[in-house]
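Peer 1: Each chain is listed here by its residues.
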Amino acid sequence: MAVRIAVAASDRPFQGPVSRDSGSEGTEWLAGESPAVAVTRLNLTNYRNIRHLRLETEAKVVVLSGPNGAGKTNVLEALSFLSPGRGLRRARLADVPRRGGTGVWAVAARVRYPRGVIEIGTGVAPDQRVGERRLVRIDGQVARGTAALGRALTVNWLTPPMDRLFIDGPSPRRRFLDRLVYGFDVDHAARVSAYDRALRERSRLLRDGRSDAAWLGALEETMAACGIAVAAARRETICRLRSGMKAGVSPFPAATVAADGDVERWLDVMPAIDAEGRFRAALEAARDCDARSGGAAVGPHRTDLAVCHAGKDMPAEDCSTGEQKALLVSIVLADARLQEARLGRAPLLLFDEIVAHLDATRREALFELLIDRPAQTWITGTDRSLFDRLGSAARRFGVDDGRISASPE
Amino acid sequence: MRDGHIERLIQLLARLPGLGPRSARRAALHLVKRRDTLLEPLARALNAVADAVRPCSTCGNLDAVDPCGVCVDGRRDPSRICVVEEVADLWALERAGVFRGRYQVLGGTLSALDGIGPEDLNIASLIARARKPEVREIILALNATVDGQTTTHYIHDCLAACDVDVSQLAHGVPVGGELDYLDDGTIGAALKSRRRM
Ligand SMILES: Nc1ncnc2c1ncn2[C@@H]1O[C@H](COP(=O)(O)OP(=O)(O)OP(=O)(O)O)[C@@H](O)[C@H]1O
Ligand SMILES: [Mg+2]
Ligand SMILES: [Zn+2]
Chain C
1 MAVRIAVAAS DRPFQGPVSR DSGSEGTEWL AGESPAVAVT RLNLTNYRNI RHLRLETEAK
61 VVVLSGPNGA GKTNVLEALS FLSPGRGLRR ARLADVPRRG GTGVWAVAAR VRYPRGVIEI
121 GTGVAPDQRV GERRLVRIDG QVARGTAALG RALTVNWLTP PMDRLFIDGP SPRRRFLDRL
181 VYGFDVDHAA RVSAYDRALR ERSRLLRDGR SDAAWLGALE ETMAACGIAV AAARRETICR
241 LRSGMKAGVS PFPAATVAAD GDVERWLDVM PAIDAEGRFR AALEAARDCD ARSGGAAVGP
301 HRTDLAVCHA GKDMPAEDCS TGEQKALLVS IVLADARLQE ARLGRAPLLL FDEIVAHLDA
361 TRREALFELL IDRPAQTWIT GTDRSLFDRL GSAARRFGVD DGRISASPE
Chain B
1001 MRDGHIERLI QLLARLPGLG PRSARRAALH LVKRRDTLLE PLARALNAVA DAVRPCSTCG
1061 NLDAVDPCGV CVDGRRDPSR ICVVEEVADL WALERAGVFR GRYQVLGGTL SALDGIGPED
1121 LNIASLIARA RKPEVREIIL ALNATVDGQT TTHYIHDCLA ACDVDVSQLA HGVPVGGELD
1181 YLDDGTIGAA LKSRRRM
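Sequences listed follow chains C and B, in order.
The first sequence maps to residues 1 to 409 in this note's numbering.
The second sequence maps to residues 1001 to 1197 in this note's numbering.
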């Protein structure tokens, strides 16, 4: 039996400009106390290798353990579908239904959030045509599009492929940054996809050799309007993160973050309306060159997220594997605290294989931080004993071959 | 085994928007069970529409007469033309009863990815109408989708040489908003607070 590791209130992070309201200042989350944001009931039907799953929990931290291929990541992915978008695997919808089933799948959840309880359902209905989007139902009402999900609940995650986030190309980093934006601005996703669509349309026209200047100009105007809005929202998120990350939470290091892109730099030095004009002019000037290369040479679709280990003044990609993971944890937890402080609601966090690469000190510090959070966190691992120190704040489930069972405490 | 006629009916119904195979089967059965009250009246209505209704050669609206009822209605203001994507949007504006001018139905939006270019839309005829001396204002009431906005920019550019005011609906809805889904009050407000482009 493990007990909570006590942390002196003065060690608590981020109390300066972004502290919680005084009522909850220094609150000790007692074991078993219910989180303010939580999935308290989850039902999965024909979800990947899971035929049926039903679980209920009030716990602050939910631990899923079991052998490789059991279905742990699948459960987290299902939870990630409670937020807009393609989930933590960026899955194609056709891959989600259980193989050998009818193609119909569903995720249903009862979600507690600061203003009440909502029932969220999502999936593919029996009568749906292939290629259609997943349906979303909130409290029994069909929602138009998945964006409605973001208004009640925000979800963020760390997964094993993200262990390489600072090593691989910029697109996953950009998506990571965009997910940090969604928490504060649900319409960001719509603007990003509007921008991407206009970009693809322009590329198609250029590729087909259609030099209809008015049509290209119209697309570039759409790109400029959406693109500047996207870049501005990212800049705002970066500023917010900087203020929320003045200090790290030992042993999780403070990170210096920056959005690295032409459009963001223009916004540093000129008003948005001028940046829009400049972006449009740059696109027009680059038509010939873009026609040859495909895509577009400038734009927020090329922006990168630059992260640096503040204490060591070391770019993230040059940090050790465990340090890189610790930086990611720092950023995600800082964002979670900012959401709580400024919006009054903390995000649900999904940490897949989170303890891999973390040493015992960091592991225990992380557990401590998760128990302190006002919202629920789901974590997975192959070895149940790694989570012993979570003590009674955690509810443990065993996952095996697509089936789930409550583990004895 | 299902009868071939019914099977054909089910297949056709399943092509309607919002109906999948299962609801198409239910609808077909429903119709067949109500021969007098539903099936035959529906068959007559479909025939009548197929015989009589055509797109208006002036504005693209659907009507049994050409030019359509809106185009020939002398009480409507000929100096203003409201440009919409589809007939459904025209209907939405008419339902709201907030616009007393004439319309131009484009028949879609520009979309390079779907292979829809300016020549596939009623844009050339719009420009021809805009050149007429009695036309003074063109209101672009396209949806707030990416393609709708791009088409708005495109038409605005094409109209630059015509002596008309061009304005755009103030949507008050986020990207992705479609006219057909807005309530009447919102449409009215969007029209009133239209912006000159
Ligand atoms: N559509 C599907 N239908 C049936 N099974 C599927 C489907 N998609 C994935 N699977 C299977 O689900 C199983 C569980 O996958 P999951 O990634 O959840 O495992 P895990 O418990 O996270 O394992 P690990 O510890 O290795 O990460 C895998 O064996 C995978 O092949
Ligand atoms: Mg896994
Ligand atoms: Zn007409």
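Hints may be right or wrong, so weigh each one.
[Unchecked claim] Covered by chain B, per the in silico footprint, the following chain C stretches (three or more residues, Cβ under 8 Å):
| no. | segment |
| --- | --- |
| 1 | 198-206 |
| 2 | 219-231 |
| 3 | 276-290 |
| 4 | 346-352 |
These are calculated hints, taken from the structure and not from any lab test.
Just so we're clear, the structure is a prediction, and the values are computed from it rather than from any experiment.
Glycine included, every Cβ here is placed at the ideal spot set by N, Cα and C.
Peer 1: Three residues minimum, CB to CB under 8 Å: does the segment 346-352 of chain C make the cut for coverage by chain B? Let me know.
Peer 2: The restraint on the segment 346-352 of chain C is violated, since only 0 of its residues have a Cβ under 8 Å from chain B and three are required.
Peer 1: Cut-off 8 Å, C-beta pairs, minimum 3 residues; does the coverage of the segment 276-290 of chain C by chain B stand?
Peer 2: violated (count 0)
Peer 1: Apply the coverage criterion to the segment 198-206 of chain C and chain B: a residue qualifies when its Cβ sits closer than 8 Å to a Cβ of the chain, and three qualifying residues are needed.
Peer 2: holds (count 6)
Peer 1: Closer than 8 Å, Cβ to Cβ, for at least three residues: run that test on the segment 219-231 of chain C against chain B and report holds or violated.
Peer 2: holds (count 5)
In terms of the numbered hints stated before, the structure departs from hints 3, 4, listed from lowest to highest.
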